[in-house]
Amino acid sequence: MIFNALVLTLLMAVGGVRVSDAAPVRTAHVEAELVAEQSALIPGRPNTVALRLVMERGWHTYWQNAGDSGLPTTLTWKLPEGLKAGPIQWPAPRALPVGPLVNYGYEGAVLLLSDIATVPDFLSGKTVTLSARADWLVCKEICIPEGADLSLTLPVIADAAQVTRDPRWIDAIAKARTSLPRPANEWNVTATGRGSTVELHLAPAAGQDSAASIAGSHFFPYVEGQIEASGVQSLTHQGTDWSMSLPVASQRVGEFRRVAGVLVWGDASARRALAIDVPLAGTVVAGSTAPALTAPPLKLTPPASGADTTLSLGTAIFFALVGGLLLNLMPCVFPVLSLKVLGFATHRENDAAMRHHGLAFGAGVLVSFWLLAGVLIGLRAAGAQLGWGFQLQSPAMIAALAVLFFVLALNLSGVFEVRQFVPSSLATWNAKNPLLNDALSGALAVVVASPCSAPFMGAALGYALAGPMLSTWIVFTVLAIGMALPYVLLAYFPAWRKRLPKPGAWMLRLKQLLAFPLYATVLWLAWVLGAQLDNDAVLRLGASLLLIALGLWAWQTMRTGGARGWGIAAAASIAGALAVGWPVVGTSAMDAESNVAKRPAADGPWQEYSAARVAQLVEAGRPVFVEFTAAWCVTCQVNKRLVLDTDAVRDVFARRKVALLQADWTRRDPAIGAALAALGRNGVPVYVFFRPGKEPLLLPEVLTKQDIFDAIDTPQSAATLDAPLNEQAPTSRLIPSTGG
Amino acid sequence: MNMKQHMLVIASALAFATAAGPALAAAAGQPAPDFTLTDTHGKAVRLSDYRGKYVVLEWTNPECPFVQRHYNTRNMPGLQKEWGTRDVAWLSIDSSNRDSRDYKSAAQLNAWMSAHEGSQKAVLIDGDSATARLYAAKTTPHMFVINPEGRIVYAGAIDDRPRASSDETLKAKNYVRTALTAATGGATVDPANTTPYGCSIAY
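These protein sequence lines map, in sequence, to chains A and B. Note that our numbering numbers the first sequence so that position 319 is 323, with each residue one more than the last. Note that our numbering numbers the second sequence so that position 108 is 218, with each residue one more than the last.
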């Protein structure tokens, strides 16, 4: 033994043998070498060696599952007889956003550990050369397959006492070891499939009540095609238990009977990983949209504020009731509300009849909401990412609403009288069914309410659509009750009605006046159409409306004693309106998505939202404010004018270096739909404030400047605004030192 | 208020709402989302125009080493020719975003394809990556086989050998050939979904 060591020392002294190997191999973007933990191989025990890869800045190589694209690094050993290499031990990976995709891998440097087992009687005293072929795919914007033949020459020394650790690699290897996945012994882990998500539940095992916090965890599955790599994972914490919701892959591959992978948390300097491999209970279906191209690879915990997904049914019902009530005051419903109240002032029938009117109106609202709920449930079951106001994502719907509002407005302006417009037989029938009239005006109120989202409604709807069908139905029912309540009460309590002003000449003037909010609504809808399609569509709509006005006027002229020719002119005008408008109505949402260049929604300091961008900015230490908006969403526009576009708010954003991202849902976009779903919402507006190291903060739907100031945690006095939260430039990425 | 006359308008408005189609994941068994793109000769190509035929969608990018391997070995052009003669419409799509360095003009794509004997029906330019998003396409190559009824019957990798060398490329089990052979022969496509491999699409 001593002799061996002596010989070795001698050999080393004369430089005949190099305990270390040749210089690292440099490829275009990577420096690769084999390194050993110790200065010699010790027979009979595992000896740790590692493939050390140092990537050029901005380039990455891959984990054992590469994620959305890429290939894992491979290591093929050529070893002398008596030596055997174990599999690669992969340190905790990182989620690397590449555009909307997410890859799993390493940036900076990584050590892929492998244990070399030796037979106990492996001849000591000699030197052995460990050779390996390493192949890796290194990617930045492009991917380059690279590889190298590497070798490492080590002496074999039986006496462990004479073997020292290689000081160059002690730290790096130790660090790689700490980020290797440990068995999840202190946890009871279960996995349950719930449709398009898998819920991973971790409860401390018996006697492990002090199990470590896994806050900020991200789950990395061992194989692709089960969990969507770029999907949002939400982690919630209840007592000592943790629940993680994982999105099922939209392109499912192979069997999915076990949930196997690693749970990773901690920052770059101290990453920890837990190995998970549990059977999957319940059932899963492929993720119905493509969250791959959507949602942030963030450790996104649903915000713990009052309005979140953990709403109880009771709270949701309360929110729905208040939301429904407030809906009446939203700008899109207000004209209809006025018309209805006007209706109450006109009708001076007996109390019983009035009650029937009120109930019929309420029934109309209720049935319309049920219809809406049914359509929503159906479409969502079919996999669409839809929410409140979804029908306004269709240009055809916008055009139809514009025509509806315009015809209503013309009627109020007195351009044509309704009774003459309806065939006499139908008019008689209607007169016999006055309650149908009320029910239909209830339905109309719901149709015009759809572009609006009142306060409290967002949270209630988020709850409704995330939960089972029954809860959707309950919340929609309560919303309808809330919306109809003022009219029904007014109908039931004659005393309240008496406070309404007496009918008189003022009513005609008010009726004519109320036409103008409706014209304004038409103007706004035309603007929305322009945002969805183009200028041509707006012109077509305008021409169509003009012809409709002409047609209705001609019709009225004929009915009030004009020649028969007026009727023909009216029919020709309406036909012309249809012909001119048809291309707009015929434009499917699909065309709108694929044919028209995306609206340059993001202007000024606002950038276009992408989940990856959020992740990137937050990782770089920047606070990020995301506005989920749509041109057809009135509340969104109001918030924009009154809060977001004001100098005070802009100034605070600029001083605090808040990155501003805008997600425009004017047209259907599964990516934005999925991102909203991850926040427990399914309609706009939604305002979220992402802060590095903190949970994302949801702001109210009806924003105030103070909400923004509070969110940024900034007193409004200008004196304290000078200290930015974070000076880091948005492009400076943390170089992870995973294992190296 | 007299609003009965608007019954029809309301009814048709609700009909529009229901007619709006859901966005489904692009996986085997699902309807293939329709799209219209301009090809490298300036012609508008609409997927649904090929209803009644088998269609292959091939996501491609001449800058990608994986794509280069399948073209340099004539694997991809050979497959295009083989199925093109059997009336399969092969559409190659370059979804490199026009802001990315991989973006190619129509002329550049034509030049590259003719140098590599590309024999597809058309090469489509998806400069805003919208169609790639529609299909959740991840890699180049990423392959989809669509049946005459417009349903996806295969989605995933070109073959089972992500790491094959050039010499081994033609020996791999080609999933697109397997899928087309099975589907056109009335058999079940197996595997119908695989994990695609290659370079990330330059979104």
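These are calculated hints, taken from the structure and not from any lab test. Treat the hints loosely; a few may be bogus.
As the list claims (entries may be wrong) - Calculated cross-link-like contacts (lysine to aspartate or glutamate; reagent style EDC-like; alpha-carbon spacing at most 20 angstroms):
id: 1; chain 1: A; residue 1: K144; chain 2: B; residue 2: D212
id: 2; chain 1: A; residue 1: K661; chain 2: A; residue 2: E699
id: 3; chain 1: A; residue 1: K88; chain 2: A; residue 2: E41
id: 4; chain 1: A; residue 1: K144; chain 2: B; residue 2: D209
id: 5; chain 1: A; residue 1: K506; chain 2: A; residue 2: D355
id: 6; chain 1: B; residue 1: K191; chain 2: B; residue 2: D209
| query | When you check the alpha-carbon spacing of A:K144 and B:D209, does it fall within 20 angstroms? | reply | Holds. A:K144 to B:D209 sits at ~15 angstroms (cutoff 20 angstroms).
| query | Quick one, are B:K191 and B:D209 close enough, alpha carbons at most 20 angstroms? | reply | Violated, at about 32 angstroms.
| request: With a cut-off of 20 angstroms on the C-alpha distance, tell me whether A:K88 and A:E41 pass. | output: It holds: about 16 angstroms lies between the C-alpha atoms, which stays within 20 angstroms.
| query | Is A:K506 close enough to A:D355, meaning Cα to Cα at most 20 angstroms? | reply | holds (17 angstroms)
| Distance restraint between A:K661 and A:E699, which requires alpha-carbon spacing of 20 angstroms or less | holds (18 angstroms)
| request: Sort out whether B:D212 lies within 20 angstroms of A:K144, counting only the CA atoms. | output: Judged against 20 angstroms, a Cα distance of about 12 angstroms means the pair holds.
Of the numbered hints stated above, the single one contradicted by the structure is hint 6.
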